[in-house]
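Listed below are the residues making up each chain.
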Amino acid sequence: MDNTPRYIPNDDLPLTRLDELLADRAVGSLTQAEAAELRQLLNRAGKSEDNSLEIAAAAFDRALEPARGVVIPDDLIERIEREGSAWCAGVASARENVLARLGSSGSRLLDSRAVRTPMVMGHRYLREWSGWIATAACLGFGAFMFAGRFNAPAPTGNDVAERFAAPQQRAVLIPEPIAGPVQRLAEDMTARAFERLGRIFSGPSGDVVIVPIGKAAPDAGDEVTIGEVVWSRREGAGVVRLSNIKPAESAGKNLQLWVFDSARGQKHPINAGVVPIRPGQTDVLVTLDPSMPIADAAAFVVTLEPPGGSVVAERDNMLAVGFVAAGEGMAPPPIFVDLPVGR
Amino acid sequence: MIPCANPTPAPPLGGGVPVENNQQRVLCSRSRVCVACIYTRARVNESLLHKVAAGDAGAVKELTRRYAGLVYALARRMCLSQNEVEDAVQDIFIALWQSAARYNPAIAGEDTFVAMVARRRLIDRRRKSVRRRIEQGTEDFSFMTSDETLASAPGAGAELSEDARMAAAMLQTLRPEQQQVLRLAVGQGYSHEQISGLLDLPLGTVKTHVRRGLISLRSALQKHRSGANPNRDSGEGTEDRQA
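Residue numbers (the numbering used here), protein chains in the order written: chain L, 1237 to 1579; chain B, 41 to 283.
Hints listed in this document are in silico derivations from the structure and should not be mistaken for laboratory results. Check the hints yourself; a few may be wrong.
Unchecked claim - One side of the interface only, derived from the structure: several residues of chain B facing chain L at Cβ under 7 angstroms: (1) Leu88; (2) Glu126; (3) Ala148; (4) Met156; (5) Ala208; (6) Ala225; (7) Gly227; (8) Leu238; (9) Leu243.
As the list claims (entries may be wrong) - Here are some chain B residues the structure puts well away from chain L; computed CB gaps all over 12 angstroms: (10) Gly237; (11) Leu239; (12) Pro242.
Claimed, not checked - Pairs of lysine to any residue, SDA-like flavour, derived with a Cα cap of 20 angstroms: (13) B:Lys168 - L:Glu1471; (14) B:Lys168 - L:Asp1525; (15) B:Lys168 - L:Met1528; (16) B:Lys91 - L:Ser1321; (17) B:Lys91 - L:Ala1322; (18) B:Lys101 - B:Gln138; (19) L:Lys1489 - L:Glu1471; (20) B:Lys168 - L:Pro1529; (21) B:Lys101 - L:Trp1323; (22) B:Lys91 - L:Glu1317; (23) L:Lys1489 - L:Met1528; (24) L:Lys1489 - L:Pro1542.
Think of the CB as a built atom: it goes at the ideal place given N, C-alpha and C, for glycine as much as any other residue.
For reference, chain B alone in the conformation it holds in the complex (with noise of 0.2 angstroms):
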């Protein structure tokens, strides 16, 4: 058998979670602690997303509370019609109970973790969407806009992050041209082709934007976390392209 490598196992908490069993201490695949003091650990030090993953149901519920309104406003900007919205917020929450295990809190904030599964998720929709449309003959490119999005209910939104802080800091630091096409494409998700025809713009310098913006903040943000945490993993593999 092969010894858990864990120096001080961490103590059994409540719930009925067993940690003592030396006849099953085996390296986990990546830990090197045992799989029970990894039960534990999980319990100890995790975050609202790895009580989800954990299966707390006191979490989903909070998760819900706390990210629905971002979830749905997203969708609601993204998605290609009304019809869609409420499909897509349940899907988005099944991807971020299933890939909650997957959050580390040193590569993202929590809700800069649940905007990239929405997002990703939405960006699927939409394209399994434009090709059905385009298939049928019925296609329309127009999207809501922002403005039809909001509503008067005031508090149903997230907190800003500390990631959403340093890209707002960082987008002012951006040339207007730039922070016009990031705004369309990353905000409103609107093609390349189409920020180029809407700001008379080649579509080399919007792409070109579009990356240099999107490279400069992850800089940023893995500058500034590596500074926080010396020992954070890069941002590989954060997320499932299953989720």
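This is chain L alone, in the form it adopts within the complex (with noise of 0.2 angstroms):
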């Protein structure tokens, strides 16, 4: 009997430049530019992600080196039951609300607690954004900004809560299953976009910031692309809803998000993601995952970029625009939940 090991040669496999980032990711051998360039990669083929060679990597973990038996501090358990036991009570209190909401016709639970934040721009931010702001009253923006648009009845945390909460709202953002690697990536944007409001608005209050964002129409009457940006400042990280996307305008670009930190300045905008859009989609709703740490967040904006963004953000791209308010904060209205969509 022939005992010699047969070795199954594996040299012919084909090896993408995807293939190639994502096993180096799983080992942690990326380096910055290299997770820019996987981002980039995968976006251009349609994927919000690809853990496929983590798992490979877990499961050889796994099989390279079983737990035989660790010693574990007993204190250590006892600290990660308690925060376990604390985050259950989180998703039970955040479910009770959700499940009233479901069961209730019309009655408006949000906590009285919600402040109105008025899209005020403070004479920091008249002077620090002259640029853009110039810019956006070219594109129109400008009667949007000044002329009471936003002075008026600004989103309270109750208007914001019910845009995004509303059920009916998360069948219009997913029309109807469109066969396709970008349907797919939408719909799992959107779910993340879901379970990042509920953890924002389970936070703690004064944490959360809302901000109107949209463009002006220049002429009356016509539909405008409008949204908010729900706003952690404690995650840096929020979430954008955007209404009214003229598809005419959108047709094959991307939109790409950007987060302006006053510590940077406004010729550093960091990029915050880039969405694909549908032929003929016109509401979105995602997250804002800036791609650095955002120490004081100023202002957020959306450009229509050609497919997989763009590395820097052109005035003339701009499709929204929303400035933060400086000190601006409100509590949290206790109306989200991580749903479990998705699975």
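Reconstruct the complex from the two isolated chains, following the hints.
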């Protein structure tokens, strides 16, 4: 009997650049430049994420080093269990709120502590953001920003929560299933955005900033692109909702999200994600994930860019913009929960 | 109102979960069933991780009991210092609770998912730690050996899942050199450059061994799972990078 091990050659496996980068990430050998390249390749492939090689690495890890028995400090287990109990209580509380809402017809159970977040621009913003404001004005944002459109009924926590949480809104955001990676990506993104909202609004009071963003129509009566950013200072991340995106304007383009950090100034916007949009799609709800930590979010901008996004934000491509008023914050309305969508 | 697309909504369960509310029957983003049905269904056929995602305190405790050993061992093995281990373990469990809803049993075993989340957090943590040490001029790239992580208490480790058993079998089919590279890269957390120096292999060869090894296993796992479940999804988006 031949006892020589039979090794299966895998030298002929095709290696795409995407696979190379995914494999390198799975073993923690990705540089920052490669991480950026990976994000671009995933975007181009219409994927929000691909964990397949991390799963393979985890399986190898388990096979290589099965946990043969370790001594874990008792107090560590206790701490984890204590935190786990607190986490469960938070989930239960949020769920009760949502379930109460699902069971009620029109009753408003949002927290009365929710304060209005007027779209006010402090002097420092008027001065510091003059370049972007000038561009916005040229594109018709001026009327939107300064003619009182936002100064009138500024969205409250209630308004925003209603818009985000209304079940009908979910159906609108994802109309009819369309086969293909872009549809799936859109669904993933929307599911993640709802989860993010749940987390943000479960956070501490005063952490959440809700900023109206939008674009004004040059002519009265036109449908305008409008929405909100819900931003968590604590997490340095948020969610963007946009409605009334004009298909003719967005055809063949991706939305790119940017965050301006007052610590970095208006010349260095931080990329916060690229969002493919389907032909005819007019509404999006996506997470806002800055590629760098944000110390003090001052403004949010959405631009229309070629597929895959751009390295530099061009003012001419601006679709929507919103500015955070200094010192702004609001109590979170206790409405959202990590709904088990997308199982 | 958009009707629920689920022809046979699941019956209500205990625990105060409301399932009958025709006024609220709308399509959810993916499953095309009403929100209430999703709640109910999620309670019917969920794994331990799904129960955790639903905020089940008993499940959270069970998850800790079942996987604390695995997570602790991984943290001991991949953390640069002992001081960081306990922080890392707590951090990993929080990430697990938050991302538990994304677990898809059609893509990976539960312990593989736990190991994946843990590895990801540990890799992030190690990268930050190395960067900090470099900035402070106190870099030390040495890692604990796996022997240091193993102690006497039996039974703390979770049993090997099907994924891990398949990976173990697969490992045996690789050439010894490739096995060794994978052990160092995946199991010990050594960088490509470190492995190249340790084994006196060209850097490109090290990278290729790691990449091809992982891709081979991915193919085998996917083939196996698609055979077991023809409706399976791919591995995309199993767990949020934010986790």
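Now for the hints, and whether the structure bears them out:
Hint status for Leu88 of chain B: violated, given a least beta-carbon distance of 13 angstroms to chain L, over 7 angstroms. Interface hint at Glu126 of chain B: satisfied, since its Cβ lies 5 angstroms from the closest Cβ of chain L, which is below the 7 angstroms cut-off. Look at Ala148 of chain B: its Cβ gets to within about 5 angstroms of chain L, closer than 7 angstroms, so that hint holds up. Against a cut-off of 7 angstroms between C-beta atoms, the interface hint on Met156 of chain B holds, since the closest Cβ of chain L lies about 4 angstroms away.
Checking Ala208 of chain B against chain L by beta carbon gives a least distance of about 4 angstroms; that is within 7 angstroms, so the hint holds. For the restraint placing Ala225 of chain B at the interface with chain L, the shortest Cβ-Cβ distance is roughly 5 angstroms, inside the 7 angstroms limit, so the hint holds. Interface restraint check for Gly227 of chain B: the shortest CB-CB distance to chain L comes to about 4 angstroms, inside 7 angstroms, so the restraint holds. A distance limit of 7 angstroms between C-beta atoms decides the matter here; for Leu238 of chain B the minimum to chain L is near 15 angstroms, and the interface restraint is violated.
The beta carbon of Leu243 of chain B is not positioned within 7 angstroms of any beta carbon in chain L (closest approach about 11 angstroms), and the interface hint is therefore violated. Listed as a non-interface residue, Gly237 of chain B keeps its Cβ farther than 12 angstroms from every Cβ of chain L; the least gap is roughly 14 angstroms. Every Cβ of chain L is farther than 12 angstroms from the Cβ of Leu239 of chain B; the closest lies at roughly 15 angstroms, confirming the non-interface assignment. The Cβ of Pro242 of chain B lies farther than 12 angstroms from every Cβ of chain L, with a closest approach of about 15 angstroms, so its non-interface assignment holds.
Taking the CA atoms of Lys168 of chain B and Glu1471 of chain L, the gap is near 18 angstroms; set against the 20 angstroms cutoff, the hint holds. The hinted pair formed by Lys168 of chain B and Asp1525 of chain L meets the criterion: a straight-line CA distance of about 19 angstroms does not exceed 20 angstroms. Under the criterion of a C-alpha separation no larger than 20 angstroms, the hint pairing Lys168 of chain B with Met1528 of chain L is consistent with the structure, at around 14 angstroms. The straight-line distance between the Cα atoms of Lys91 of chain B and Ser1321 of chain L is roughly 14 angstroms, inside the 20 angstroms bound, and the hint therefore holds.
Between the alpha carbons of Lys91 of chain B and Ala1322 of chain L the distance comes to roughly 16 angstroms, so the proposed pair stays at or under 20 angstroms and holds. For a cut-off of 20 angstroms, the pair hint linking Lys101 of chain B to Gln138 of chain B stands: about 15 angstroms separates their Cα positions. For the hint linking Lys1489 of chain L to Glu1471 of chain L, the alpha-carbon distance of about 29 angstroms lies beyond 20 angstroms, and the restraint is violated. This hinted pair checks out: Lys168 of chain B and Pro1529 of chain L have alpha carbons roughly 13 angstroms apart, not beyond 20 angstroms.
Note on Lys101 of chain B and Trp1323 of chain L: the hinted pairing holds, with a Cα-Cα distance of about 12 angstroms set against a maximum of 20 angstroms. The hinted pair formed by Lys91 of chain B and Glu1317 of chain L meets the criterion: a straight-line CA distance of about 15 angstroms does not exceed 20 angstroms. Using a Cα cut-off of 20 angstroms, the hinted pair Lys1489 of chain L and Met1528 of chain L is violated, with the two alpha carbons roughly 24 angstroms apart. Annotation: proposed proximity of Lys1489 of chain L to Pro1542 of chain L holds, straight-line Cα distance about 5 angstroms (limit 20 angstroms).
Hints 1, 8, 9, 19 and 23 from the earlier list are contradicted by this structure; the remaining hints agree with it.
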